[in-house]
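Keeping their order, the protein sequence lines are chains A and X. This note's numbering runs 9 ahead of the 1-based position in the first sequence. This note's numbering runs 1 ahead of the 1-based position in the second sequence.
For the record, the hints were derived by calculation from the structure and aren't laboratory data. Please note that the accuracy of each hint is not assured.
[Said to hold, decoys possible] Facing chain X, according to a computed beta carbon distance under 10 Å, are these residues of chain A, among others:
1. S37
2. A38
3. G52
4. T54
5. S55
6. L58
7. S62
8. A87
9. A100
10. N106
11. F112
[As the list claims (entries may be wrong)] In silico lysine-lysine, BS3-like type, Cα no more than 30 Å apart, as pairs:
12. A:K51 with A:K121
13. X:K54 with A:K51
14. A:K10 with X:K54
15. X:K71 with A:K51
16. X:K71 with X:K54
17. A:K77 with X:K71
Quick reminder that beta carbons are idealized off the backbone N, C-alpha and C, glycines included.
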Amino acid sequence: KQEVTQIPAALSVPEGENLVLNCSFTDSAIYNLQWFRQDPGKGLTSLLLIQSSQREQTSGRLNASLDKSSGRSTLYIAASQPGDSATYLCAVRPISNNNDMRFGAGTRLTVKP
Amino acid sequence: DAGITQSPRHKVTETGTPVTLRCHQTENHRYMYWYRQDPGHGLRLIHYSYGVKDTDKGEVSDGYSVSRSKTEDFLLTLESATSSQTSVYFCAISGLAGVGTDTQYFGPGTRLTVL
Numbered sequence: 010k011q012e013v014t015q016i017p018a019a020l021s022v023p024e025g026e027n028l029v030l031n032c033s034f035t036d037s038a039i040y041n042l043q044w045f046r047q048d049p050g051k052g053l054t055s056l057l058l059i060q061s062s063q064r065e066q067t068s069g070r071l072n073a074s075l076d077k078s079s080g081r082s083t084l085y086i087a088a089s090q091p092g093d094s095a096t097y098l099c100a101v102r103p104i105s106n107n108n109d110m111r112f113g114a115g116t117r118l119t120v121k122p
Numbered sequence: 002d003a004g005i006t007q008s009p010r011h012k013v014t015e016t017g018t019p020v021t022l023r024c025h026q027t028e029n030h031r032y033m034y035w036y037r038q039d040p041g042h043g044l045r046l047i048h049y050s051y052g053v054k055d056t057d058k059g060e061v062s063d064g065y066s067v068s069r070s071k072t073e074d075f076l077l078t079l080e081s082a083t084s085s086q087t088s089v090y091f092c093a094i095s096g097l098a099g100v101g102t103d104t105q106y107f108g109p110g111t112r113l114t115v116l
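Just chain A, with the same shape it has in the complex (with noise of 0.2 Å):
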């Protein structure tokens, strides 16, 4: 069974920081990998897909490694603001069922003026 784990729980930084989320999974037999960012009280936004033939994606100040043979991958924000703060979550697409996407528990990010 797929499982996820996103270390860690919570992270604090000043602003202007780069930082380093981080996203493991126990099966390396993915379609892709994908980060969300979720605000409190909303739904999910994705941020970037990763195929499994890929090994990094990058938008804007965001920037997402792959490594699929150690089951990890680990997204970069540079020069982060306050406007980051959010709760940021990693997702596989299992080879054995696609539909069933397995999410981590989320790193919860604030970032400080």
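Got chain A sorted already, so can you dock chain X onto it with the hints?
Quick look at chain X alone, frame taken from chain A:
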């Protein structure tokens, strides 16, 4: 904005009562999903649909049923609500023609409390 709405947004009900949550989409996505989100568990898939009248179970389907009689609507029913079903429920869609199934778009969620 993928044009996805959920109703109701908040509901308080009593143990043993039936509850139906509705997900409505406006952009003709093929796939629709129901998740629940609980502290410490992330999101877990309850049921999903891959077309009108075509549904399948997810990881935590016990105690839930779904129906999809039209492309745009996906209903989640709790036949007899229990306190363990207190949660935030999210609907998601994917599979717009020409775009594929990879990216899921989420609704705003329904907060359900079962007393």
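Was the hint right that S55 of chain A lines chain X, CB cutoff 10 Å? Check passed: Cβ of S55 of chain A comes within 5 Å of chain X, closer than 10 Å.
Given A100 of chain A was flagged as interface, is its beta-carbon under 10 Å from a beta-carbon of chain X? holds (8 Å)
Given A38 of chain A as an interface hint, is its Cβ closer than 10 Å to any Cβ of chain X? This interface hint is violated because 16 Å lies over the 10 Å limit.
Does the structure keep K71 of chain X and K54 of chain X at a Cα separation of 30 Å or less? Distance ~8 Å between K71 of chain X and K54 of chain X Cα, so the pair holds.
May I ask you to test the interface hint for N106 of chain A with respect to chain X, counting a Cβ-Cβ separation under 10 Å as satisfied? holds (9 Å)
Run the distance test for K71 of chain X versus K51 of chain A: straight-line Cα separation, threshold 30 Å. It holds: about 26 Å lies between the C-alpha atoms, which stays within 30 Å.
Does L58 of chain A pass the interface hint, meaning its C-beta sits closer than 10 Å to a C-beta of chain X? Nearest chain X Cβ about 6 Å off; hint holds.
Pairwise hint evaluation, K71 of chain X against K77 of chain A, where the allowed Cα distance is 30 Å at most: Not satisfied, since the Cα-Cα distance of roughly 38 Å exceeds 30 Å.
For K54 of chain X and K51 of chain A, compute the direct alpha-carbon distance and say whether it is at most 30 Å. Holds - the C-alpha atoms of K51 of chain A and K54 of chain X are around 29 Å apart, at most 30 Å.
Do the numbers back the hint for S62 of chain A, that is, is its least Cβ distance to chain X under 10 Å? Violated: closest Cβ of chain X sits about 13 Å from S62 of chain A, beyond 10 Å.
Taking the least C-beta to C-beta distance, is S37 of chain A closer than 10 Å to chain X? violated (18 Å)
Restraint satisfaction for A87 of chain A [CB to CB of chain X, less than 10 Å]: violated (23 Å)
Figure legend: structure checked against the earlier numbered hints; hints not met, in rising order: 1, 2, 7, 8, 17.
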